[in-house]
Amino acid sequence: MNFEAVMGLEVHVQLKTKSKIFCRCSTHFDARENENICPVCTGMPGSLPVLNEEAVHMACKMALATNCKVQSVSVFARKNYFYPDLPKGYQISQYDQPLAIDGWVEIPLSNKEIKKIRLERIHMEEDAGKNVHGSHFSYVNFNRAGIPLIEVVSKPDLRSSEEAGNYLRSIQRMVRYLEIGDGNMEEGSLRCDVNISLRPTGAEKLGTKVEIKNMNSFRFVENAIEYEIERQKEALQNGQKIIQETRLWDSNQNKTFSMRSKEEAHDYRYFPEPDLMPLEVAPKALEIIKTQLPELALEKQKRFMRDYQLSQADSGTLVQEKSLADYFEAVVKECQAPRLASNWILSELLREVEASSVSKSKITPKHLGQLILLIQKGTISGKIAKTVFEKMLQSGDLPQKIVETEGWVQISDDAELEPIIEAVVKENPNLVKAYQAGDAKKFGFFVGQVMKKTQGQANPQKVNELLKKKLGDV
Amino acid sequence: MELYDLTISEASQKLQSKEISSEELTQSVLKRIEATQKQLNSFITITKEAALLQAKKVDEKRKRGDALSALAGIPIGLKDIFLTQGIRTTCASKILEGFIPAYDSTVTARLKKNDVVLVGKLNMDEFAMGSSNENSFFGPVKNPWDLERTPGGSSGGSAAAVASGQCLGAFGTDTGGSIRLPASLSSVVGLKPTYGRVSRYGVIAFASSLDQVGPFGKTVLDTALLLKSVAGEDAYDATSVRKPVPNYEQFLKKDLKGVKLGIPKEYFSKGLNSQVEASVQKALSDLKSLGASLIEISLPHTAYAIPTYYLVCTAEASSNLARYDGVKYGYRAEATSLAEMYAKTRGQGFGAEVKRRIMLGTFVLSSGYYDAYYKKASQVRTLLKKDFEDAFLKCDVIVTPSSPTTAFKIGEKIEDPLTMYLTDVFTTSANLAGIPGLVLPCGFDDQNLPIGLQLLGPYFQEEKLFHVGHAYEQATEWHKRKPKL
Chain L
1 MNFEAVMGLE VHVQLKTKSK IFCRCSTHFD ARENENICPV CTGMPGSLPV LNEEAVHMAC
61 KMALATNCKV QSVSVFARKN YFYPDLPKGY QISQYDQPLA IDGWVEIPLS NKEIKKIRLE
121 RIHMEEDAGK NVHGSHFSYV NFNRAGIPLI EVVSKPDLRS SEEAGNYLRS IQRMVRYLEI
181 GDGNMEEGSL RCDVNISLRP TGAEKLGTKV EIKNMNSFRF VENAIEYEIE RQKEALQNGQ
241 KIIQETRLWD SNQNKTFSMR SKEEAHDYRY FPEPDLMPLE VAPKALEIIK TQLPELALEK
301 QKRFMRDYQL SQADSGTLVQ EKSLADYFEA VVKECQAPRL ASNWILSELL REVEASSVSK
361 SKITPKHLGQ LILLIQKGTI SGKIAKTVFE KMLQSGDLPQ KIVETEGWVQ ISDDAELEPI
421 IEAVVKENPN LVKAYQAGDA KKFGFFVGQV MKKTQGQANP QKVNELLKKK LGDV
Chain A
1 MELYDLTISE ASQKLQSKEI SSEELTQSVL KRIEATQKQL NSFITITKEA ALLQAKKVDE
61 KRKRGDALSA LAGIPIGLKD IFLTQGIRTT CASKILEGFI PAYDSTVTAR LKKNDVVLVG
121 KLNMDEFAMG SSNENSFFGP VKNPWDLERT PGGSSGGSAA AVASGQCLGA FGTDTGGSIR
181 LPASLSSVVG LKPTYGRVSR YGVIAFASSL DQVGPFGKTV LDTALLLKSV AGEDAYDATS
241 VRKPVPNYEQ FLKKDLKGVK LGIPKEYFSK GLNSQVEASV QKALSDLKSL GASLIEISLP
301 HTAYAIPTYY LVCTAEASSN LARYDGVKYG YRAEATSLAE MYAKTRGQGF GAEVKRRIML
361 GTFVLSSGYY DAYYKKASQV RTLLKKDFED AFLKCDVIVT PSSPTTAFKI GEKIEDPLTM
421 YLTDVFTTSA NLAGIPGLVL PCGFDDQNLP IGLQLLGPYF QEEKLFHVGH AYEQATEWHK
481 RKPKL
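First to last, the sequence lines map onto chains L and A. Numbering of the first sequence is given in this note's numbering, commencing with residue 1 and proceeding in unit increments. Numbering of the second sequence is given in this note's numbering, commencing with residue 1 and proceeding in unit increments.
The following block holds chain L by itself, in its conformation from the complex (with noise of 0.2 Å):
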């Protein structure tokens, strides 16, 4: 029998506001241990929560930017359960009442097709402490808890681990764009849990799902939606059942592993957190929000192939990063030349600058821009610019200050390229007999000898041309 996998996605994202959720603490996360605490987010008896604005703000515009529809109210909720990195012994999140419900996220597949992945909700809560182990005690770190978080929940339209890895990229790239957060995994900025079940090809009802948790990559993502849709395929062809059940993941032997079955499942005792009013988002901020919103990554790649027209390829990997798509605008403005920007950023900036960090290379738009402009003057050679960019990556230097310094302007004046050309052509009697009888293959020996003669610098196309003239006149 062949079977079907349907997955959904839990997506927790961190936001990147200046301060935590409920209190004043800086969110700065290279402080020292409980550097970033106060009586709010370590649970002090008495201490009270107020919710921070901006977090509000940040969770709209993903709200907004994935289609959901935004509560007029939502309803802050306790999650209760005992935990030492959870200081009040409960987790304020929402629960019946989330912030936005009914929302779609459009991602790529490797056929080049678009597929919609609708969602359930995005609510907002906060994050929990971090316990470190010690050889003898245990100890909690408070500095992420009350970090604001956004959970985006997905419908179960996944069916595979590209499917998967794809709008959970998909994610990430919104939140860079919408600059909400940092959407790292590894850092744990952006976390997933993953919803899986199987079911034989072309039936409706969904099999028996299985929870997957603590994958910190793309790839263990990936890896461990194939190593449970493998797991659970055996099992069924087996004959046996499948067990609602959470798994982790286990990155050193690549498999999952039982955590705890349904029966040992929390019962969180949700009921609506009475020191917090309930959330209004007044129709009116959500139309400011709205307006505020940048192109997100797709419509800025339709917009670059039908302006620029650049290649799909081309145009996706501009877009992976709005950092690097900004900078490709920033340099078509100063240049003007979108084909040769695009060129020159695929194929020379990426071999030096990572896609995330182009924004604090040497070279700024600027440079290249103007790098490109010298090209197209033909104030310098393509060649002699690939070495003017590796002089720019080293000094931080402009093109043209570069150019002037080390005297490399390509020479394009007749009156100097002549008396060059009429000296190659009297130190080389034989050869230029040989090309007038007809070997016109001696063309680039003279072409060859010009350029030696000026270290590269003559410009080519002229001396192609009054090379021409000068032997057609002998």
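Derived from the structure by calculation, the hints contain no laboratory data. Some hints could be false.
[Claimed, not checked] From the derived model, a few chain L residues whose C-beta atoms are all more than 12 Å from chain A: (1) Lys-155; (2) Asp-275; (3) Lys-442; (4) Phe-443.
[Said to hold, decoys possible] Heads up, simulated BS3-like pairs for lysine-lysine below, C-alpha to C-alpha not over 25 Å straight-line: (5) Lys-262(L) x Lys-209(L); (6) Lys-79(L) x Lys-328(A); (7) Lys-130(L) x Lys-14(A); (8) Lys-355(A) x Lys-79(L); (9) Lys-130(L) x Lys-282(A); (10) Lys-300(L) x Lys-391(L); (11) Lys-426(L) x Lys-401(L); (12) Lys-386(L) x Lys-453(L); (13) Lys-290(L) x Lys-18(L); (14) Lys-233(L) x Lys-213(L); (15) Lys-69(L) x Lys-130(L); (16) Lys-14(A) x Lys-385(A); (17) Lys-257(A) x Lys-282(A); (18) Lys-260(A) x Lys-385(A); (19) Lys-270(A) x Lys-228(A); (20) Lys-79(L) x Lys-375(A); (21) Lys-360(L) x Lys-391(L); (22) Lys-79(L) x Lys-376(A); (23) Lys-61(A) x Lys-48(A); (24) Lys-464(A) x Lys-484(A); (25) Lys-344(A) x Lys-79(L).
[As the list claims (entries may be wrong)] Anything over 12 Å on all C-beta distances counts as not near chain L; from chain A, calculated: (26) Gln-16; (27) Glu-19; (28) Lys-31; (29) Glu-60; (30) Lys-63; (31) Ala-67; (32) Lys-228; (33) Asp-234; (34) Thr-239; (35) Val-259; (36) Ser-269; (37) Ser-293; (38) Lys-328; (39) Tyr-374; (40) Phe-460.
Virtual Cβ for every residue (Gly too), placed ideally from N, Cα, C.
Assemble chain A onto chain L, guided by the hints.
Showing chain A alone in chain L's frame:
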């Protein structure tokens, strides 16, 4: 007359005219505490040195001619539920026995700004759970009118201390009657303000949607002065309300012409002691002769208040008290595993009533029971609110008894939680609806035990309660009686 017998407004005048110093006043109060603490057990912590130091500081400020508040230099007590930076705050629980807060509650901070003199932290039922002050890890508080009896709970220490001159005023909290019941049983004035009127920040939570901070005073005027000093919006409490705090004194008139008082028939039913009823009836006729008109009203859902209250408060408490887990502060039991540490810490650290309520609340919120209990209770709250909203279309203030009986004996009800819970029968509705309630002395029974009168008002209209209460107080002598100690 001793200085500790002064009201706040009297003492304030004497301080301002420099007839007395805050140091003299504070000395008098501290001596009174020393003389009576053993009998009453009203304090958990007495801050003698700090109090004297603060009194001297205020005297110096006054000498310098600084502008001072009416409460400057007045000795005040705080229920041991308000966080006081550097001063042990226990909530009368073993689990917080040695807990020294790193920050002040907003109430504490505002009182400090008013230059009050804090004389100590007052005894209470553990985590404010109780109606008799018998549930304290530090032992029960005795009623100053009869040492064999309870002063009421949970703010029993606050009421007993004000009644006996151990401080001139005090603050407590009221979740289901914890200010009003002890005020009634101890013959002092106690106010539960509107929910949201006073910040709860730094006040150890029992049931967050019901808890409200309020003052105890010897007179209505004192109570109004105390409320004014702490009321108003607080950026640290999202449930505090942005509404200006009126100057309550301007509402304290002597007559009640044109005031309509609603008398809810549901509050005068079988369980009410006949002597209490007689005193309340007498008070009603006194109010009438002051110019008020009496209107019979109905609050039809009154009977559901107690069951609703015990669903809501236990549910919220079960969650609020989860933080006392031995990990971060307070008592921690020795254990070899995390689960064992949790179980032992909480098993040994909490008293019986607290554990009973945590278990009830955990059950109430459990999957499959939430709709039947917590959700249903929330719906009943809406009905109770509507009862009051409808009633206040017909009257300005509602007048009721505050407790079905006078002070009962220590040990009398402690073995029977259900009977104990019924002590709150007249007070829980105000918490469930969020409206303000004032209790003031209105008589004594044949054993010289105090009887209280409860006034309930519309949201954020404490001034109406002060008006009616003050006019009644001016026309009667009950508030002038002192317990013999």
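Now the hints, each set against the structure:
1. Lys-155: Nearest chain A Cβ is 24 Å from Lys-155(L), so the label holds.
2. Asp-275: violated (5 Å)
3. Lys-442: holds (87 Å)
4. Phe-443: With a cut-off of 12 Å, Phe-443(L) remains clear of chain A, as the shortest Cβ separation is near 83 Å.
5. Lys-262(L) x Lys-209(L): holds (11 Å)
6. Lys-79(L) x Lys-328(A): holds (20 Å)
7. Lys-130(L) x Lys-14(A): violated (57 Å)
8. Lys-355(A) x Lys-79(L): holds (20 Å)
9. Lys-130(L) x Lys-282(A): With a Cα-Cα distance of about 63 Å, the restraint between Lys-130(L) and Lys-282(A) is violated, given a limit of 25 Å.
10. Lys-300(L) x Lys-391(L): violated (32 Å)
11. Lys-426(L) x Lys-401(L): violated (36 Å)
12. Lys-386(L) x Lys-453(L): holds (20 Å)
13. Lys-290(L) x Lys-18(L): Answer holds: Lys-290(L) to Lys-18(L) is near 22 Å, not above 25 Å.
14. Lys-233(L) x Lys-213(L): Satisfied, since the Cα-Cα distance of roughly 20 Å is no more than 25 Å.
15. Lys-69(L) x Lys-130(L): Roughly 33 Å separates the two Cα atoms, so the pair is violated.
16. Lys-14(A) x Lys-385(A): violated (44 Å)
17. Lys-257(A) x Lys-282(A): Between Lys-257(A) and Lys-282(A) the Cα gap is close to 18 Å, so the pair holds against 25 Å.
18. Lys-260(A) x Lys-385(A): holds (20 Å)
19. Lys-270(A) x Lys-228(A): Roughly 38 Å between the alpha carbons, so the hint for Lys-270(A) and Lys-228(A) is violated.
20. Lys-79(L) x Lys-375(A): holds (16 Å)
21. Lys-360(L) x Lys-391(L): holds (17 Å)
22. Lys-79(L) x Lys-376(A): Distance ~20 Å between Lys-79(L) and Lys-376(A) Cα, so the pair holds.
23. Lys-61(A) x Lys-48(A): holds (20 Å)
24. Lys-464(A) x Lys-484(A): Distance ~33 Å between Lys-464(A) and Lys-484(A) Cα, so the pair is violated.
25. Lys-344(A) x Lys-79(L): holds (23 Å)
26. Gln-16: holds (34 Å)
27. Glu-19: Fine: 38 Å to the nearest Cβ keeps Glu-19(A) off the interface.
28. Lys-31: holds (32 Å)
29. Glu-60: The assertion about Glu-60(A) holds, with a minimum of 32 Å to chain L.
30. Lys-63: Lys-63(A) is indeed farther than 12 Å from all Cβ atoms of chain L, at 36 Å.
31. Ala-67: Given a closest Cβ separation of 31 Å, the condition holds.
32. Lys-228: holds (22 Å)
33. Asp-234: At about 9 Å from chain L, Asp-234(A) fails to clear the 12 Å cut-off, so the statement is violated.
34. Thr-239: Non-interface label fails for Thr-239(A): nearest chain L Cβ at 6 Å, not farther than 12 Å.
35. Val-259: holds (33 Å)
36. Ser-269: holds (31 Å)
37. Ser-293: holds (37 Å)
38. Lys-328: violated (6 Å)
39. Tyr-374: Contrary to the label, Tyr-374(A) does not stay out of reach of chain L, its closest Cβ about 6 Å off (not over 12 Å).
40. Phe-460: Holds: least Cβ distance 16 Å, greater than 12 Å.
This entry does not satisfy hints 2, 7, 9, 10, 11, 15, 16, 19, 24, 33, 34, 38 and 39, going by the numbered hints stated previously.
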